[in-house]
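Chains A and B, in that order, are what the protein sequence lines are. For the first sequence, numbering that gives the first Met the number 0 begins at 0 and goes up steadily by one. For the second sequence, numbering that gives the first Met the number 0 begins at 0 and goes up steadily by one.
A couple of the hints might just be wrong.
[As the list claims (entries may be wrong)] Examples of chain B residues toward chain A, derived with CB under 8 Å:
1) Phe16
2) Leu19
3) Leu26
4) Leu27
5) Ser46
6) Gly212
[Said to hold, decoys possible] So the derived label-pair ranges between C-beta atoms look like this:
7) Arg6(B) - Leu113(A): 34 to 44 Å
8) Glu142(B) - Gly89(A): 46 to 56 Å
9) Val17(A) - Arg180(B): 42 to 52 Å
10) Tyr59(B) - Leu16(A): 33 to 43 Å
11) Phe25(B) - Gln99(A): 28 to 38 Å
12) His101(A) - Ser221(B): 13 to 23 Å
13) Lys237(B) - Ser105(A): 49 to 59 Å
14) Ser274(B) - Ala129(A): 36 to 46 Å
15) Asp241(B) - Leu13(A): 46 to 56 Å
16) Gly55(B) - Gln99(A): 38 to 48 Å
Quick caveat, the hints were computed from the structure, so don't treat them as lab data. None of these values were measured; they are calculated from a predicted model. Cβ atoms here follow ideal geometry from the backbone N, Cα and C, with glycine treated the same way.
Chain residues, written in single-letter form:
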Amino acid sequence: MIISILKRMTWALLLLLVQVLILDQVHPWGYGAPLLCPLIIITLPLGTSRIEALLWGFGVGFVADIFAGTSGISSAALTFIAFIQPPLLGLMAPRDFDEQLHPSFSAMGRWNYLQFILLLLFFHHVVYFALEGFSYFLLADIAISMGVSYVASLVLILLVERVRNPQK
Amino acid sequence: MHDFIDRIIAYVHWVLFLFLEALSGFLLFQYNHYQGSIWFTQANTVSGIVHEWESGILSYLRMPAENAALVRRNIILQHNLNVLRHTVPTQPSQGEAFSPSPSGELEGCCLSLIPARIIDNSVRKRDNMLVIDVGSEDGVAPEMGVVSGSGVVGIVSGVTPHHALVMSILNSHSSISCRLRGTEYFGYMKWTGGNPLRAYMDDVPRHAHIKKGDVIETSGFSNVFPAGIFLGKVAEIKNSSDGLAYELEILLGTDLANLRHVNVINNFSKAELDSLMAQ
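Isolated chain A, as found in the complex (with noise of 0.2 Å):
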């Protein structure tokens, strides 16, 4: 139990470093950055209790948030995809999973762990980017951004799930 708590914080700590130091400084085009976070929320396994998935959600959130500058935005958006991982997993989890399935390609087929993926980044991408606008008058500027950053986030995601678990 501590373990695998251990072990998930240092999968946290190596993406959230890779975020605040790499990915929050490239601009590309001058729109949204890619955002790897979610990745955390998506990859949680089959049976963690709705709670601790919520509290992780917020801690990454918050933590991604103080370094980025962009308080209370990433914590709402995890928040968020936090809610609706256990529930969609379980779902789209094949039907002979075993107790502690972790999300992946292996373990969930290629086609079926690419719809999870698309799912959860564009429920996260549709909340972080109408908080991160609020109030914005330029709707088109908004749409691009999102556009951009999920496209970016979601290439950025794939690759390093290739490098995790490659195929056989």
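Starting from the structure of chain A, add chain B where the hints point.
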């Protein structure tokens, strides 16, 4: 009764979810009061140290570009010096009419510059902030202006002992009092998001003679910045939304996305002026 408690427990994650979202919302709105929330920003000690460490590595990597910029700046200054050397002695009678360059005014009787390094920066958000590596112990206080070699950067909005949070000119709350160089037409420069090199100045009267390339500089009305600091050049002249004035699109002189070294302006006369205003 047991049934009731069981039901509550079954829904406790909803309560926690709503509580955490409300907490995030609170942080989001609290952030509008910059001073109050400085500990929840990039300027707090822990993230300050991490960003400083990162910026140390980055500034080492960017040294060649920085050197090139300094050399270019040196050449321009040397050229200006040459021009001045030639004009000043040949016009002894007009010596008093000669106006010093804006950068010459900077270190006058009432101003001092505190050099600083940017340790965290963003240009892609709607409300961009910077963090610099000087704080209250170096003499920095809120409401001080921050400039770079190429123009205005922002205004200090909060300080911790060793860091300061600066509201960049690329922030929807930023509003810098400015004027057209050589005229008395003044207005406020604002940024509306998007391109980090474009800002707007509104309320310029229609009878003003403006052409593309005219220089926009600080007006000195706000006392945060002394008069005459370069902001940018007029890129486009448009009608304001009510059609009664011009709205100028400004090409900013400072590329905030690519900036390392800045100076904080400590305006001694500002304190005096503020106390006079308070009376």
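Hint-by-hint comparison with the structure:
| no. | hint | result |
| --- | --- | --- |
| 1 | Phe16 | holds, 5 Å |
| 2 | Leu19 | holds, 5 Å |
| 3 | Leu26 | holds, 4 Å |
| 4 | Leu27 | holds, 3 Å |
| 5 | Ser46 | holds, 5 Å |
| 6 | Gly212 | violated, 24 Å |
| 7 | Arg6(B) - Leu113(A): 34 to 44 Å | holds, 37 Å |
| 8 | Glu142(B) - Gly89(A): 46 to 56 Å | holds, 54 Å |
| 9 | Val17(A) - Arg180(B): 42 to 52 Å | holds, 45 Å |
| 10 | Tyr59(B) - Leu16(A): 33 to 43 Å | violated, 19 Å |
| 11 | Phe25(B) - Gln99(A): 28 to 38 Å | holds, 35 Å |
| 12 | His101(A) - Ser221(B): 13 to 23 Å | violated, 57 Å |
| 13 | Lys237(B) - Ser105(A): 49 to 59 Å | holds, 57 Å |
| 14 | Ser274(B) - Ala129(A): 36 to 46 Å | holds, 44 Å |
| 15 | Asp241(B) - Leu13(A): 46 to 56 Å | holds, 53 Å |
| 16 | Gly55(B) - Gln99(A): 38 to 48 Å | holds, 42 Å |
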